[in-house]
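Peer 1: Next come the chains, spelled out residue by residue.
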Amino acid sequence: MRVGLRLFASYADALGTRSLDVTLADGATVRDALAYVRALPGASALPPAPLMAVNAEYAPLDQPLSHGDEVALIPPVAGG
Amino acid sequence: MRVGLRLFASYADALGTRSLDVTLADGATVRDALAYVRALPGASALPPAPLMAVNAEYAPLDQPLSHGDEVALIPPVAGG
Amino acid sequence: MNHVALVTEAIDVAALLARVSSPTVGAIASFLGTVRNVNDNRAVTGIEYSAYEEMAEREMRAIVAEAAAQVDGVPPRIAIEHRLGELSLGDVSVAIAVSHARRAPALDACRYVIEELKKRVPIWKREHYADGSRAWVDNRNTVGAVELPGVIG
Amino acid sequence: MNHVALVTEAIDVAALLARVSSPTVGAIASFLGTVRNVNDNRAVTGIEYSAYEEMAEREMRAIVAEAAAQVDGVPPRIAIEHRLGELSLGDVSVAIAVSHARRAPALDACRYVIEELKKRVPIWKREHYADGSRAWVDNRNTVGAVELPGVIG
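Chains as they are written, first to last, in our numbering: chain A, 1 to 80; chain B, 1001 to 1080; chain C, 2001 to 2153; chain D, 3001 to 3153.
To be clear, the hints were calculated from the coordinates, so they are not data collected in a lab. Note that the structure is a prediction, hence the values are computed from the model and not measured. Possibly wrong hints are sitting among the right ones.
As the list claims (entries may be wrong) - Far from chain D, some chain A residues (derived; all Cβ distances over 12 Å):
1. Val22
2. Thr23
3. His67
Claimed, not checked - Listed next, the stretches of chain C that the computed footprint assigns to chain D, with coverage defined by at least 3 CB atoms under 8 Å from CB atoms of chain D:
4. 2001-2012
5. 2025-2037
6. 2107-2114
Stated by the list, open to error - Computed list of chain D residues with no C-beta within reach of chain A, every gap over 12 Å:
7. Asn3002
8. Ala3010
9. Asn3037
10. Asn3041
11. Arg3042
12. Ser3050
13. Ala3051
14. Asp3072
15. Val3074
16. His3082
17. Glu3086
18. Val3094
19. Ala3101
Ideal placement from N, C-alpha and C gives every residue a C-beta, glycine not left out.
Just need the whole structure built from these sequences, with the hints factored in.
Peer 2: Put into structure tokens, the structure is as follows:
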């Protein structure tokens, strides 16, 4: 399946990109999407357990993904 | 000594006046000023123990008064 | 720097906020009291506020000093205006603005000021009702009543 | 009736307050976040805010619903705007306005919204310093840091 990955703020700077479309195996979870990102150049700057979101909602690592989902890594927030 | 008495809001309505100058015995306290007011027509509408102020500051009943003091009866407040 | 006033015209909320604004602050908490169209299930058409003015200003200044003393380090900036006279529905009766570098002291001080103001500041109101009658109302017998200071002496 | 928005122009605080005003409310609590000239002892000259916009709006709407659910009876009216883009010193970054018939629910809900917003809403800031450098800063490593949500999963 295809999913969209989104990166923001310091994570986008570290990896040099803000979004990419990737192919994951059927049955993939949020953990698999994160593993994909971890293999990219610059990913060593990511923390051990970044917060993740699926379709604009915080999501646990074992949440299954569906074709077309948007998966985001959420850096520590700074609103206010 | 002479002191000024001030009445406000529902107390002023009950007694039909907002201020009066009265003569009290030397050594008089806030309690004596209140006793003076209680003897006036309409004073039966006052509560048993109204809050009192001397010179724009809350004051206990046993506070001694001085010539020229301004003594006020403070109805339950309603600011805000 | 702090500001306390009784006013007879409409309170300019933006100007009050501007009084406590500064590049050194990161948070501004504010509270507005407004005239409601109902109280204790009676239809209210307006409110008339009056005060023992010298004492009300003195008590408000005392409350500001107490709120400032509760903050460690740089004190908050605090501005308070209370309106007197005839107010219509929706009018702002009281406005409090508090700024600080951090939000917790600003929020805490703003709340302290309105709670103490409702308990202690000698301001009174007479409500005007839809049936033409009027009544003195105080903060003990309204919804969300405050505990009044104990009788002194 | 409630209002949540991300904006790129200056926040109109008076308009936000007007959104929650009504003759049925007696209290309006508000909170403004503003750009400070110093953070962690570094001279700040400006801040650049960015967001995961769809998610930020969704989280803000969720926070509004949670705040409303905590009030018995008639829920508060809540309006929130957060600014994105380049902000200067003193600019308002976030504005929250909450109204209710009574003051306690308005003050409580206002505080709940800002505390949760600082923990959960995916908005980021990069500070610009007087020496020309820039750095991403988050709500854990600033004075008055918030507790972030635990890592999920």
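Peer 1: Verify that the Cβ of Val3094 (chain D) lies farther than 12 Å from every Cβ atom of chain A, and report whether the claim holds or is violated.
Peer 2: 5 Å, violated
Peer 1: A cut-off of 12 Å on Cβ-Cβ distance, and Val3074 (chain D) was said to be off the interface with chain A. Does that hold?
Peer 2: Holds, since 28 Å exceeds 12 Å.
Peer 1: Check the non-interface label on His67 (chain A): least C-beta distance to chain D beyond 12 Å or not.
Peer 2: 19 Å, holds
Peer 1: Beyond 12 Å from every Cβ of chain A: is that where the Cβ of Arg3042 (chain D) lies?
Peer 2: 15 Å, holds
Peer 1: Does the claim that Asp3072 (chain D) lies off the interface hold, with its Cβ farther than 12 Å from every Cβ of chain A?
Peer 2: 28 Å, holds
Peer 1: Would the non-interface assignment of Glu3086 (chain D) survive a Cβ cutoff of 12 Å against chain A?
Peer 2: Given a closest Cβ separation of 15 Å, the condition holds.
Peer 1: Are all beta-carbon distances from Asn3002 (chain D) to chain A longer than 12 Å?
Peer 2: Given that every Cβ of chain A is farther than 12 Å from that of Asn3002 (chain D), nearest at about 18 Å, it holds.
Peer 1: Taking C-beta pairs only, is Thr23 (chain A) more than 12 Å away from all of chain D?
Peer 2: 22 Å, holds
Peer 1: Is the nearest Cβ of chain A still more than 12 Å from the Cβ of Asn3037 (chain D)?
Peer 2: 17 Å, holds
Peer 1: So Val22 (chain A) supposedly isn't at the interface. Is its beta-carbon more than 12 Å from every beta-carbon in chain D?
Peer 2: 18 Å, holds
Peer 1: Checking the smallest CB distance to chain A, is Ala3051 (chain D) really beyond 12 Å?
Peer 2: Non-interface label fails for Ala3051 (chain D): nearest chain A Cβ at 8 Å, not farther than 12 Å.
Peer 1: Three residues or more, CB to CB closer than 8 Å: is that satisfied between the stretch 2025-2037 of chain C and chain D?
Peer 2: Since 13 is at least three, the answer is holds.
Comparing the model with each earlier hint shows violations of hints 4, 12, 13, 16, 18; every other hint is respected.
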